[in-house]
Structures are given as structure tokens and as C-alpha cells.
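A.B. asks: When we follow my numbering, the leftmost residue of the sequence shown carries the number 1, and every step to the right adds one.
What the hints contain is simulated information worked out from the structure, not anything from laboratory work. One or more of the hints may lead you astray.
[Unchecked claim] Here are the simulated lysine-lysine pairs, BS3-like style, with alpha carbons at most 25 Å apart:
no., residue 1, residue 2
1, LYS20, LYS100
2, LYS88, LYS100
3, LYS88, LYS19
4, LYS88, LYS20
5, LYS19, LYS30
6, LYS20, LYS30
7, LYS87, LYS100
8, LYS19, LYS87
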Amino acid sequence: MRHQAVKDKAPIHPYISRKKEICDGSPIIKRTRVRVIDIAIEYDRLGYSPDQIADAHPHLGLFQIHDALSYYYEHQEELDAEIASRKKALAELRREFVPKPEEPGE
């Protein structure tokens, strides 16, 4: 119940921007082209800490990384669907354009 009450307040994310003409409308950290999903993947799927993410992106501050993670968790269903869609599109491109290794003896 408490989680729902917090969600109803529509938190403000001062470091996140979303515009159709930038990164296909995927939410990004303002004044960068770093997508929220990129930060989320590094944190949630690769297991990087916010400090490690900051080391990998020296142009970002921890405050921006934490805001991106907060935004991700508030919009997780939508952003996970975007990640899955992009992953599927990449797999299709690989099947189409990456040659398969030849079998020995061919």
C-alpha cells in the first residue's frame, strides 16, 4: 500500500529527459545521449554498482546515475519491454548480417 501511495505522487526526475527526436524517445540523462536503459542494464543485469557505472561514464555524476535508476524502477515494466524489443531486433540483425562459421570439412 505504501509503495502505491509513493507512486501516486508522480516523482520528479530533474536529470532525466525524454524527447522523440533523441534516442528514439527512450528516456536519457539530460544533456547526454546515455539512455536510462543503458544504466539499468549495467546495474541490474551486469551487476555494476553506481560507483562502477560512474567510473565507466566519467561525464556522469552519481546523482545522475541514481536518478536514472530511480526512473527505471518507477517505469520498469515499460523499460524492460523496450530492452526486450531492442534485444530481439539485434538478434534479427545478427541472423541476417553476421555470417555463420563454416563447419570443418566444408
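A.B. asks: Straight-line Cα separation of LYS87 and LYS100 no greater than 25 Å?
C.D. replies: holds (19 Å)
A.B. asks: Would you check the hint for LYS20 and LYS100, treating anything up to 25 Å between C-alpha atoms as holding?
C.D. replies: This hinted pair is violated, its Cα atoms lying about 36 Å apart.
A.B. asks: Please verify whether LYS88 and LYS100 have alpha carbons no more than 25 Å apart.
C.D. replies: holds (18 Å)
A.B. asks: Sort out whether LYS30 lies within 25 Å of LYS20, counting only the CA atoms.
C.D. replies: holds (14 Å)
A.B. asks: Is LYS19 close enough to LYS87, meaning Cα to Cα at most 25 Å?
C.D. replies: The given pair, whose Cα atoms are some 22 Å apart, holds under the 25 Å limit.
A.B. asks: Taking 25 Å as the top limit, are the C-alpha atoms of LYS19 and LYS30 close enough?
C.D. replies: holds (10 Å)
A.B. asks: When you check the alpha-carbon spacing of LYS88 and LYS19, does it fall within 25 Å?
C.D. replies: Since the Cα atoms of LYS88 and LYS19 sit roughly 23 Å apart, the hinted pair holds (cutoff 25 Å).
A.B. asks: Taking only the CA atoms, is the gap from LYS88 to LYS20 under or equal to 25 Å?
C.D. replies: holds (21 Å)
Violated hint: 1 only; the structure is consistent with all others.
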